[in-house]
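*Asks:* Construct all of the structure, not just a fragment, from the sequences and the given hints.
There are 2 protein chains.
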Amino acid sequence: MTLLALDFGGTKLAAGIVNAGSREWLGYERALSPANANAHTDLEIMRSLIHSLLQGAKPTAIGVSFGGPVDATTGKVRLSHHVPGWENVPLQDLLMEDFGVPTRVDNDANVAALGEHRFGAGQGYDSLFYVTVSTGVGGGWILNGKPWRGTEGMAGEIGHMVVDPSGPVCLCGKRGCVERLASGPYMARDAREVLENEPPRRKESREVRGEVLRGLVGDNLDLITGKVLSEAAATGDDLARELLYRAGWALGMGIGNVANLMNPQRFVLGGGVTKAGESFWDIVRKVARETALPEVMNLEIVPAALGDDAPLWGAVALADDIAVDCNT
Amino acid sequence: MTLLALDFGGTKLAAGIVNAGSREWLGYERALSPANANAHTDLEIMRSLIHSLLQGAKPTAIGVSFGGPVDATTGKVRLSHHVPGWENVPLQDLLMEDFGVPTRVDNDANVAALGEHRFGAGQGYDSLFYVTVSTGVGGGWILNGKPWRGTEGMAGEIGHMVVDPSGPVCLCGKRGCVERLASGPYMARDAREVLENEPPRRKESREVRGEVLRGLVGDNLDLITGKVLSEAAATGDDLARELLYRAGWALGMGIGNVANLMNPQRFVLGGGVTKAGESFWDIVRKVARETALPEVMNLEIVPAALGDDAPLWGAVALADDIAVDCNT
Chain A
0 MTLLALDFGG TKLAAGIVNA GSREWLGYER ALSPANANAH TDLEIMRSLI HSLLQGAKPT
60 AIGVSFGGPV DATTGKVRLS HHVPGWENVP LQDLLMEDFG VPTRVDNDAN VAALGEHRFG
120 AGQGYDSLFY VTVSTGVGGG WILNGKPWRG TEGMAGEIGH MVVDPSGPVC LCGKRGCVER
180 LASGPYMARD AREVLENEPP RRKESREVRG EVLRGLVGDN LDLITGKVLS EAAATGDDLA
240 RELLYRAGWA LGMGIGNVAN LMNPQRFVLG GGVTKAGESF WDIVRKVARE TALPEVMNLE
300 IVPAALGDDA PLWGAVALAD DIAVDCNT
Chain B
0 MTLLALDFGG TKLAAGIVNA GSREWLGYER ALSPANANAH TDLEIMRSLI HSLLQGAKPT
60 AIGVSFGGPV DATTGKVRLS HHVPGWENVP LQDLLMEDFG VPTRVDNDAN VAALGEHRFG
120 AGQGYDSLFY VTVSTGVGGG WILNGKPWRG TEGMAGEIGH MVVDPSGPVC LCGKRGCVER
180 LASGPYMARD AREVLENEPP RRKESREVRG EVLRGLVGDN LDLITGKVLS EAAATGDDLA
240 RELLYRAGWA LGMGIGNVAN LMNPQRFVLG GGVTKAGESF WDIVRKVARE TALPEVMNLE
300 IVPAALGDDA PLWGAVALAD DIAVDCNT
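So the protein sequences, as listed, match chains A and B. Start counting the first sequence at 0; every next residue gets the next number (numbering that gives the first Met the number 0). Start counting the second sequence at 0; every next residue gets the next number (numbering that gives the first Met the number 0).
The reader is advised that the hints may include incorrect statements.
Because identical chains share one entry, a pair is satisfied inside a single copy or across any pair of copies.
[Unchecked claim] In the DMTMM-like style, the derived pairs of lysine to aspartate or glutamate whose C-alpha atoms are separated by at most 25 angstroms in a straight line are:
#1 K226 with E294
#2 K75 with E294
#3 K57 with E96
#4 K274 with D70
#5 K145 with D324
#6 K75 with E299
Keep in mind the hints are simulated off the structure, nothing from the lab. What you are looking at is a predicted structure, and each value in this text was computed from that prediction instead of being measured.
*Replies:* See the structure below:
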């Protein structure tokens with residue numbers, strides 16, 4: 000039984016094939032989504048990755064992770080926030096027509112949650128909430144050992160939980176969403192704004208807020224990213240530390256609220272921002288602990304184990320499940 | 000098959016018997032919990048209610064709603080926030096010893112959610128979140144048609160979701176919890192504090208904030224309750240309206256966050272505060288809609304149908320389920 004796993008990320012495309020039950024890829028291909036990509040070009044690139052992988056062979060089933068909201072019951076993409084042209088694309092039907100095998104499509108956070116549950120940091124846990132903190136903040140549920148997608152496939156959106164109603168405005172129109180405070184691009188933007196309004200001071204003061212950060216990007220503030228912020232924070236930059244503290248606070252607050260609301264066995268955190276080091280994790284855990292009720296004693300918050308491959312391994316699990324369901 | 004349903008509320012005790020499948024009580028008894036009640040006196044009063052109901056007959060099963068955290072797997076009460084002496088009382092075991100029939104105990108919010116699901120505003124809905132806004136704010140989940148209690152039975156605690164981190168301090172130690180802003184006693188306390196610091200002005204100004212409220216309690220501020228506040232708001236009292244607006248805002252924010260996180264089919268709201276009138280409901284619905292993502296289109300927020308009887312009818316459902324499970 001050969002399973003084909005596809006990952007339509009916002010900026011990259013990946014495909015892998017694997018024998019059911021194996022943890023090693025028989026083949027793996029990836030490509031960057033070009034800057035001017037649209038749904039059509041993404042699909043063409045993915046098709047060429049698949050053909051190079053399969054060499055004409057037919058997989059038993061296909062699982063797909065898509066970076067954006069998906070109606071998981073029909074496998075129809077609602078839209079992508081990164082790539083235009085994905086509005087209402089029936090991705091599941093398209094792939095089933097192309098390859099003639101059972102196919103299942105779900106959004107990346109749900110799929111990554113399934114990947115971590117089946118193959119990663121969530122193995123053996125019946126209930127878990129997976130959170131990815133990266134260019135966006137998303138989440139996916141496993142409850143009673145199965146994905147919980149909600150009535151419209153929208154469950155898991157911790158990124159747009161409001162944790163500070165007087166905080167900065169988010170793209171969604173609300174203030175102080177977790178994503179507004181904790182995602183890489185927003186943190187980078189906030190850092191840039193502070194530095195633009197605070198021209199570098201000279202030697203008279205010993206410590207200058209954001210100086211390390213400025214140095215890392217050679218004064219070209221457009222080069223600041225979440226990753227650069229993490230590096231600056233690790234080197235002791237005050238501004239970077241403040242922003243990462245606020246991100247950890249927002250994430251901890253969100254997780255504590257979720258713990259009170261759902262009381263899952265485990266929280267699994269992935270995505271670039273979670274690589275910001277132990278002090279970031281300390282804040283997340285501390286604030287989550289303070290936000291959760293004392294009776295919620297079970298508050299395990301652990302790093303994801305599969306890293307960037309979580310969606311692709313989750314897509315393997317999706318394909319495996321549908322192959323079993325369809326008895327193919 | 001006769002089912003015995005018990006409700007240990009914070010201030011009242013109730014018991015009912017019913018034939019399985021029927022919606023009419025064969026017998027129903029209730030009593031107030033005395034001001035100096037403890038676990039022992041509550042149990043004694045409940046036993047006398049039961050004996051008066053059963054007259055020596057034996058029920059097929061017993062379902063129990065308890066007003067406080069319960070370990071639903073063992074039926075052991077953790078504590079009551081209202082009545083002392085309930086710490087670690089094995090209520091399920093005690094009742095099984097007393098009556099020799101299968102018994103199940105769960106906390107009131109979970110049980111009321113089950114009651115609304117089986118007999119009330121949640122009939123036919125596979126996923127719902129029940130919220131009670133009363134002396135406290137609690138919630139209970141139905142997911143995939145079954146109660147979701149979380150790994151330690153603590154799921155549903157929307158009351159201690161932080162919606163305003165710069166808000167007033169809650170008993171739990173955090174600031175701006177939903178319960179701190181929306182529960183009856185806290186609203187009453189906030190009204191008292193405002194009025195104590197704002198002595199009544201005389202005729203010179205036409206409208207005086209809180210004047211209606213003061214009138215309703217004959218200047219005895221200790222008599223202000225959530226109910227009195229609702230009445231004052233309905234009569235146009237500005238202070239009462241402000242506090243109810245803030246309560247509706249907090250509840251709407253909490254519900255919107257939950258919609259993003261779990262995307263259930265329906266929210267069912269009960270408890271005294273939800274009887275505050277249409278303008279309160281309008282705020283709750285408006286803020287919930289603004290807080291939920293636009294892709295979360297399903298955001299039904301409806302009043303509970305069973306009122307104060309939701310826990311007792313939920314206890315009937317608990318008893319029914321355990322009778323079926325035990326094949327008695």
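*Asks:* Against the structure shown, which of the earlier numbered hints fail to hold, in ascending order?
*Replies:* 1, 4
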